[in-house]
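Trainee: Assemble the whole structure, with the sequences as input and the hints as a guide.
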Amino acid sequence: MKVTSKIYTAIIFIFLFAPIAILLVFSFNEAKSLSVFSGFSLKWYRELLRDEATLQSVRNTLLLAVSAMAISTVMGTAASVGIMKLRSKWLRATLNVATDIPMTNPDIITGISLMLMFVFVGRLLGLANSLSFWTMLIAHVTFCLPYVILQVLPRLRQMDPSLPEAAMDLGCTPMRAFFKVTIPEIMPGILTGAIMAFTMSLDDFVISYFTSGAGFQTLPIRIYNMTKKTVTPKMYALATIIFFVILALLLISNLTDKKEEKQKQ
Amino acid sequence: MTKKQTPFGGAVLAPYSLWALLFILVPLVFVAYYAFTDNAFAFTFDNVARFFTAKSVVDGVEQRTYLVIFWRSLKLAVISTVICLLLGYPLAYIMARASEKRQKLMMTLIMIPMWMNFLIRTYAWMTILQDTGILNSFLTTLGLGRVHIIGTEGAVVIGMVYDYLPYMVLPIYSIMAKMDVKLLEAARDLGCNSVSVLRRVIWPLSLPGVLSGITMVLIPSVSTFYISQKLGNGKFFLIGDAIEGQYVANNLHFAAAMAFILMVILLAAMAGMKKFTNHRVYGGDTL
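Note that the protein sequences, when read in sequence, are chains A and B.
Quick note on numbering: this note's numbering labels position 121 of the first sequence as 121, and the sequence is numbered without any gaps.
Quick note on numbering: this note's numbering labels position 253 of the second sequence as 253, and the sequence is numbered without any gaps.
Fair warning: there could be bad hints in the mix.
[What the hints assert, rightly or not] In silico DMTMM-like links for lysine to aspartate or glutamate, alpha-carbon gap of 25 Å or less:
1) Lys75(B) / Asp241(B)
2) Lys274(B) / Asp100(A)
3) Lys178(B) / Asp189(B)
4) Lys229(A) / Asp51(A)
5) Lys178(B) / Asp160(A)
6) Lys228(A) / Glu153(B)
7) Lys234(A) / Asp131(B)
8) Lys228(A) / Asp241(B)
9) Lys229(A) / Glu153(B)
It should be emphasised that the hints constitute simulated quantities derived from the structure, not laboratory data.
Mentor: Below, the structure is given as structure tokens:
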């Protein structure tokens, strides 16, 4: 790399990481101030661990993300298999448009549209609270599905169609050929799709904001409610923990990658 | 080829088709339904008309409330998108030309902020840019004067650029990484200087990445409401704030009307852009 490129890259990364660095530093601040560092302390971490509402919201977020991931991965993989076999051009085009909508529409419109329907149906059913865990789960599965399909469908297209045929010629039932040949062949796509679904669900704020009820709070919504009032560095402690969890996960995935490469060699 | 390749037939597609119908298409119908009805669900144009005609007095000047808000959203989103492109394009280029190890590292570094909750990151910018914040204490230590940024349109643009820059870099990078280096060498051999290699080879080839980067930055910036609430100090209402405000006030029909208008405008813009892409990139309306 040339010197100018190096300097340029460094400036951009400083811009990207400056706020994160400040979060890390001030999470250890003794005082409440977010601009003057007055001494090292772990007191905000202790307060965070005592904040039952925030801890509950972390558990809720994980529960929702795992459920949304599981449902959207299974349904999205099945849908991809179905789309591949589709002969009707018209139906394929319609499904493509439907899959595109949650990805291109702004989150606020996806959120509002689902909320309006839930409220309307809730009123028809005479429910006092039409928004709950279930409406959020439906919303999350809806915006995760396109990501799964977009990962699995290209894998299916790349796969040699004679592979499952060969398995059937050798005596496999179509069902067995599907699970023994097709699924392992497209597994990388399924895994990437599942990981994307999980992270999208984990990080979503806007759609959750419109589709969540009072009884079920996820972490982004909890953070939103906390930043409405003046924030204590407790939240910075939380951000620091999230940062190190991400870092650890990245290191682990990096190490396993390297191991795989070595094994291949 | 045998006909029976999958064991499940049409049944595998049924759940997704039903899901897409119920939770993607029907909700959009509900947006239109709420937009064109009043509280008693009787047909009306009032909500949509209100968006275009509502007036309010700001600093002694009468103006069309929501049109001004919409115009401001569009302006800030376009400015942010242009800045993201100007900052992101060179970075994507540098990344694509770096060694494989460096590319991997830079990819990871770009994605780490995306995984951190954007609410907290935006909030961190608020504390940095505050009048008593870190930026200003830094400037005063250097003997420079204080700057007032928080609550200005500039602060909102900084927040948008910060939050959405990775969405610009990644699609451009993925196109550039696939670009054949031989093409650039050939252009040079045929007498192109660096500027014309960029203008006549690299830029046209990277156009699909640029266009998807533009949509990925423009759409969230035009519809955001958290960034403007925090960094604009609530003084800069954007269309997202207007929709969210009506939702909180339980004016669902007017919120739906604004969402409907925003959706129609964005759909028209996307369709126009798709036409432009087909024309410029594939040399005509091939699709």
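Trainee: Now tell me if each hint is right for this structure.
Mentor: Hints, one by one, checked against the model:
| no. | hint | verdict |
| --- | --- | --- |
| 1 | Lys75(B) / Asp241(B) | holds (15 Å) |
| 2 | Lys274(B) / Asp100(A) | holds (13 Å) |
| 3 | Lys178(B) / Asp189(B) | holds (21 Å) |
| 4 | Lys229(A) / Asp51(A) | holds (16 Å) |
| 5 | Lys178(B) / Asp160(A) | holds (24 Å) |
| 6 | Lys228(A) / Glu153(B) | holds (20 Å) |
| 7 | Lys234(A) / Asp131(B) | holds (22 Å) |
| 8 | Lys228(A) / Asp241(B) | holds (14 Å) |
| 9 | Lys229(A) / Glu153(B) | holds (22 Å) |
Checked against the numbered hints given earlier, this structure breaks none of them.
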